[in-house]
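Chain by chain, the residues:
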Amino acid sequence: MTALLEVSGVTKRFGGLLAISDVSFALAEGEIVGLIGPNGAGKTTLFNMVNGVYKLDRGKVSFAGQDITNRPPNEVVHLGIARTHQIVKPLYGMTVVENVIVGACFGRDYLKLKPARKVALEVLERVGLSDRADTSARSLTIAGKKRLEVARALAARPKLLLLDEVLAGLNPTEVEVMIGIVRDIRDSGISVLMIEHLMQAIMSLSDRVVVLNLGAKLAEGRPDEVVQDSNVVEAYLGFPDIVDKLRGVQ
Amino acid sequence: MIFRHPVFWLTLVFAGVMIWLPLHGNNVSLREDLILVAVAIILASNLNLMIGYTGYVNFGHIVFYGLGGYVGLYLATVRGWNLVLSALLAGVVVSICALLFGLGILRLRGAYFALATIGILVAVQSFVSNFDPFGRSTGMYVSFEAYQPWGGARRALWITYFLVIAVMALSMILSLAIKISKFGLGLFAIREDEDAAVVLGVNATVYKAIIYSVSAFLPAVAGTLMFYKNGMVDPSIAFEFMLSLEGIVMLMLGGKGTVIGAALGGGLYEKLRSYLLTSPKLSNFHLVIAGGLLLVVVLFAPGGLIGWLYRFVPRSEKVIE
Chain S
-9 MTALLEVSGV TKRFGGLLAI SDVSFALAEG EIVGLIGPNG AGKTTLFNMV
41 NGVYKLDRGK VSFAGQDITN RPPNEVVHLG IARTHQIVKP LYGMTVVENV
91 IVGACFGRDY LKLKPARKVA LEVLERVGLS DRADTSARSL TIAGKKRLEV
141 ARALAARPKL LLLDEVLAGL NPTEVEVMIG IVRDIRDSGI SVLMIEHLMQ
191 AIMSLSDRVV VLNLGAKLAE GRPDEVVQDS NVVEAYLGFP DIVDKLRGVQ
Chain C
4 MIFRHPVFWL TLVFAGVMIW LPLHGNNVSL REDLILVAVA IILASNLNLM
54 IGYTGYVNFG HIVFYGLGGY VGLYLATVRG WNLVLSALLA GVVVSICALL
104 FGLGILRLRG AYFALATIGI LVAVQSFVSN FDPFGRSTGM YVSFEAYQPW
154 GGARRALWIT YFLVIAVMAL SMILSLAIKI SKFGLGLFAI REDEDAAVVL
204 GVNATVYKAI IYSVSAFLPA VAGTLMFYKN GMVDPSIAFE FMLSLEGIVM
254 LMLGGKGTVI GAALGGGLYE KLRSYLLTSP KLSNFHLVIA GGLLLVVVLF
304 APGGLIGWLY RFVPRSEKVI E
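Chain order of the listed sequences is S and C.
Sequential numbering from -9 applies to the first sequence in this note's numbering.
Sequential numbering from 4 applies to the second sequence in this note's numbering.
No lab work stands behind these hints, which were simulated from the structure alone.
Since the model is a prediction, treat every value here as computed from it, not as a measurement.
Using N, Cα and C, we set each Cβ at its ideal position, and we do this for glycine too.
Fair warning: there could be bad hints in the mix.
Between beta-carbon pairs, the in silico distance windows are [what the hints assert, rightly or not]:
#, chain 1, residue 1, chain 2, residue 2, range
1, S, D99, C, Q151, 55 to 63 Å
2, S, S220, C, L102, 37 to 45 Å
3, C, R318, S, S14, 51 to 59 Å
4, S, R128, C, S184, 19 to 27 Å
In silico negatives: residues of chain S with every beta carbon more than 12 Å from chain C [claimed, not checked]:
#, residue
5, R3
6, V92
7, K149
8, L208
9, R212
In silico lysine-lysine, PhoX-like type, Cα no more than 20 Å apart, as pairs [what the hints assert, rightly or not]:
#, chain 1, residue 1, chain 2, residue 2
10, C, K284, C, K274
11, C, K185, S, K102
12, S, K108, C, K185
13, C, K185, S, K104
Let the sequences and hints guide you as you build the complete structure.
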């Protein structure tokens, strides 16, 4: 299978801070890849490099066989990569459905207003927000705003969806609902690259996991392999040899 | 469809009334009052495209009116071109200038953008004050012969009035057309959160440059017509910073972001101002009132008169816009 997204040797520096250093990975069509790592590892920075918010210092990003390195975000959406934000960014002065219409209008298909409204209503139905369609985006709860982020991104009809911590801050019931939504997205043929801290979700959703630490790729593999990796455990918990010690306790 | 929209028909009826009122009984002083109201509505409506729709505060909006007036008057008097053609060409020239200015300063956001717009106003005013073809600081005059093609000054003034009313109606219809379009939706997204809008696929750089340029066109046309009617122009009249600020007061008073609000604010503020200016005790006091009004609106009714109406009669929002 050919890679849908291919990130090779990307590097990003902010002044003296090396935020992302020589990271490479690929994502195949139809895959869900989890991107994990401790706080400050550079996960969101990597998203911003893929969708063009940040300019790369070095490296290359290609999508569906096309070089998209340093293309501005609005062009990246037209090519078929949509994303959500970790810190939600609703368009507060608009209603929920208007937010999603923006996503549909300026997404991959560049729809006109009328078909965009139709798509928006379908997408809201999918994420379970249709009853809030005409309320102000301001009035949504945090779980609602996260769903709105997903809805807006879906309305762009992407081939690849970048989900940035859509589960953070949700209660267990809301998490279950959101996991269902992500599964449904994958089943509809959209590939997903997701940043997540919640291991339960990563384990149950991802086909593969990429682990970042201090801006570099630490490990990559099947979820069950990665959690056994002693480097990964050490990065999360901070002690060398902790894996062996934990095994000893068992 | 714009024809199904109540605001479209309301605009036409309003323009009709504005024409009928002074024409009925040949009331010239009423005409002079109403032409100022119409100009206020033109300025407020086009300023609304930037402030209300896109969220970029333009303090130097009057530069389009002044520069347009200069270019148009130059073509109409010095070159002897047809007035309507001169006005339209002035609109095109000023829109192109705005596009160039815009590409430069629209990278800035918030207060820095606002400061840059003042810079443009001052720079253009200095340029015009030192530009020979535009008569430097003494400005330009319209010779009496210039009114001859319209059948004398009296008829020319009436025709100018009708043209200004037409530009007013066009300003409102343009605002409405943009508001209900996909282009308008992109602008609103930029207003709410520019970074999010770009990530959703809106080409903010291009959208902002286009709307900045569009918001320059009709004020430039109106500038030509007004200076032609007044018979003269000089830099201090054409680029009056106070008028630029008052445009913002009008917009805030009526309700930014709405077609009717901009028109209502423009009209009401101009009526109030002319009343204050002509009353012997309060003359020159109008700026104090303008400042006070702006404070009250910003503090207690940020949505202006229309926002206030929407809050208390929510149904009206659906009906009006």
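To see whether the hints hold, each was checked on the structure:
1. D99/S - Q151/C: 55 to 63 Å: holds (58 Å)
2. S220/S - L102/C: 37 to 45 Å: violated (60 Å)
3. R318/C - S14/S: 51 to 59 Å: holds (58 Å)
4. R128/S - S184/C: 19 to 27 Å: holds (24 Å)
5. R3: holds (21 Å)
6. V92: Nearest chain C Cβ is 5 Å from V92/S, so the label is violated.
7. K149: Since the minimum Cβ distance to chain C is about 14 Å, K149/S lies beyond 12 Å and the statement holds.
8. L208: holds (28 Å)
9. R212: Given that every Cβ of chain C is farther than 12 Å from that of R212/S, nearest at about 31 Å, it holds.
10. K284/C - K274/C: holds (17 Å)
11. K185/C - K102/S: holds (7 Å)
12. K108/S - K185/C: At roughly 15 Å apart (the allowed maximum being 20 Å), K185/C and K108/S satisfy the hint.
13. K185/C - K104/S: Holds, at about 10 Å.
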